[in-house]
Amino acid sequence: MHSNFLISQTDGRPMYLQIMQQIKQHIAVGDWAAGQEIPSIRQLAADLRVSVITVKRAYLELEREGIIFTQHGKGSRVALEPSIQPQLHQQELQTHLQEAARLSKLLGLETEELVAQLRQQLQNT
Amino acid sequence: MNYSMLKPLIQKDWYLQRFVVFGYLLAGVVALVLANLQNQTLINIGNLLLISVLIASGFHLAVSNIFTERNQHTLPFVMSLPVSVREYTLGKILATTLIYLVPWTILGMAGLAIILTRDTIPDGLIPFIMLILVQILVNYCFALAVALITESLYWIIGAVLIGNVSLQSLMGFMMSSPNIKINMTGSSIVWDSTTLLILVAQFSAIALLFGITFLVQSKKTDFI
Amino acid sequence: MNRLAVQFEHVSKTYRLFKLEDISFSLPTGSIMGFIGTNGAGKSTCIRILMGLVHQEAGHVKVLGQPMPAQQAKAKEDIGFVSEDLRLYKAATLEWHMNFIASIYPSWDATYAKHLLQSFDLKAKQQIKGLSHGQRVKAALLLVLAHRPKLLVLDEPTTGLDPIARSEVLGELMQVLTDEERTVFFSSQNTLDVEQISDQITFINQGKIIDSSDKESYLERWRRIQLEIPDGTTLTPRPEVISSSGTGRLITITTNQFSPALTAAYTATGVIIHAIEAMTLEEIFIANVKHHKQAVSA
Chain A
21 MHSNFLISQT
31 DGRPMYLQIM
41 QQIKQHIAVG
51 DWAAGQEIPS
61 IRQLAADLRV
71 SVITVKRAYL
81 ELEREGIIFT
91 QHGKGSRVAL
101 EPSIQPQLHQ
111 QELQTHLQEA
121 ARLSKLLGLE
131 TEELVAQLRQ
141 QLQNT
Chain B
1107 MNYSMLKPLI
1117 QKDWYLQRFV
1127 VFGYLLAGVV
1137 ALVLANLQNQ
1147 TLINIGNLLL
1157 ISVLIASGFH
1167 LAVSNIFTER
1177 NQHTLPFVMS
1187 LPVSVREYTL
1197 GKILATTLIY
1207 LVPWTILGMA
1217 GLAIILTRDT
1227 IPDGLIPFIM
1237 LILVQILVNY
1247 CFALAVALIT
1257 ESLYWIIGAV
1267 LIGNVSLQSL
1277 MGFMMSSPNI
1287 KINMTGSSIV
1297 WDSTTLLILV
1307 AQFSAIALLF
1317 GITFLVQSKK
1327 TDFI
Chain C
100 MNRLAVQFEH
110 VSKTYRLFKL
120 EDISFSLPTG
130 SIMGFIGTNG
140 AGKSTCIRIL
150 MGLVHQEAGH
160 VKVLGQPMPA
170 QQAKAKEDIG
180 FVSEDLRLYK
190 AATLEWHMNF
200 IASIYPSWDA
210 TYAKHLLQSF
220 DLKAKQQIKG
230 LSHGQRVKAA
240 LLLVLAHRPK
250 LLVLDEPTTG
260 LDPIARSEVL
270 GELMQVLTDE
280 ERTVFFSSQN
290 TLDVEQISDQ
300 ITFINQGKII
310 DSSDKESYLE
320 RWRRIQLEIP
330 DGTTLTPRPE
340 VISSSGTGRL
350 ITITTNQFSP
360 ALTAAYTATG
370 VIIHAIEAMT
380 LEEIFIANVK
390 HHKQAVSA
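Chains as they are written, first to last, in our numbering: chain A, 21 to 145; chain B, 1107 to 1330; chain C, 100 to 397.
Every clue listed holds true.
Straight-line C-alpha distance at most 25 Å; calculated DMTMM-like pairs for lysine to aspartate or glutamate: (1) C:LYS389 / C:GLU339; (2) A:LYS94 / C:ASP278; (3) C:LYS189 / C:ASP208; (4) A:LYS76 / C:GLU279; (5) B:LYS1326 / C:GLU156; (6) A:LYS76 / C:ASP278.
If you're looking for bench data, these hints aren't it; they were derived computationally from the structure.
All values derive from a computational prediction rather than experimental measurement.
Okay, chain A solo, but in the shape it has when bound (with noise of 0.2 Å):
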């Protein structure tokens, strides 16, 4: 199961990021399904080479975002909500827009120019 996961120092992100993404990558695909059982913290670290509190920090960014759930003594699973993909997507939304909107300012388009080309790429997809 965790052979599928694929972190690399090399990647520009931090590694609880890369963590957090291939699990909800995982989750999204349909491989874990809600309310399934996860691998421990512990476990999920020695699997993957990479630090118990790395691994910590990433179930713990899951959980606040409401994508898994912890039980002390009994270990975390998939959130049982129906379906997270669309959290999933307008998270990635948001990401995307936060950057034209950044790239907009440093080409000084004005709003409309970039509604403009929003307009555009709608059309062609």
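Since chain A is already given, all that's left is putting chains B and C on it; use the hints.
Here is chains B and C on its own, set in the frame of chain A:
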């Protein structure tokens, strides 16, 4: 003190020095064979070889069992075990002494046996030879103590040289003492007050050497 | 059960040409601490004091609850130690060493030892004399891993190992930590390893501890920020900035106290932030040492 570690430490040293002991025992047996022949020249060679074996094996063991542990960096390995400096020192003193006592006792006893069984050699030599043997043992303990305390090869060599001088002095003293000389050439074994006094002094020296070594080692604050 | 596996409190040691000063840090049970510093910074001395092989002049050391060096024999019943200057007996075989260790530690796990022989690619019957450097390091690690000690103290465990061996060793170290009662303390020049597997990082430089914290928050404090200073604005020096480079309008600053407040402070003065980059532990290492060198000579 945790005595349970002494056995593994002593066994370890035994295992690592087994070929050294075996080699010198072999050379010692050759010496004894020569010393037991009829040809006086060969007998002299045999006697000389025997003393050389006893002294050289001592120097070798002090170096191979004590000095090389630092020199070859195996000391951190031993000190990573559940031992303190005191257990290490005690284990080293015991192991290095007991290992040496094997050739020393075998060759010494065999040498004395030759004196007793051969009619051409007066039995009165026995106390004289015994004092020499014990002096060689004292010198060995001195080299052992110096090896542990100074951690230096040059000091060990110095200790062996001092030991040799003390051995020569003892032999010279005994030859020049008229009482001992008479008893030496006699056919009965005589332990007079002088010889007994020397023996007591020798064993006291060994005890003192070990005590001082143990004390000095325990006080070291930078063991490695 | 001790909450702290290792405690150093205001430890000092003076040598003729080198001084360890006021060394304090602690390592919670169940975590792994990476100890980093330049050559000669004092890593090995600290480790020797930790093992009771060198007596500190001042300060207290407790390992697995035992005061050191007084109770070193007791503490070492549950410790596995490997250091760069440690050697096994050349004339003996790995098998002899395994039997030797097994006779001393009742917790020796023969099955696990066999598994380690395989994954480390070692032959028990081989004489230590015939082993390469990397094989010797792996042999020493096998001997300490196989009796499952509560604390592993490793001085440069992956130095000189090929990438395969390094990966195997890191894997075994992380396996140790699946047991939350076991702890690892290791020093390393390899910042990649330390960054990857450490829970805690302690940074020593010229005999003093310059940083000791958990890895995640430590990495979060360090950032490289690319700034543009538009005409009319000036860059006021800030205490959080430990170095800056660049001339003219584009300046790159390095900070070890990054926070949203810092970026807000910059944008408030009109300075434009082009990029905020996280730093690798290697970059942090270099920046930190440089910063302290300047601080000392100032």
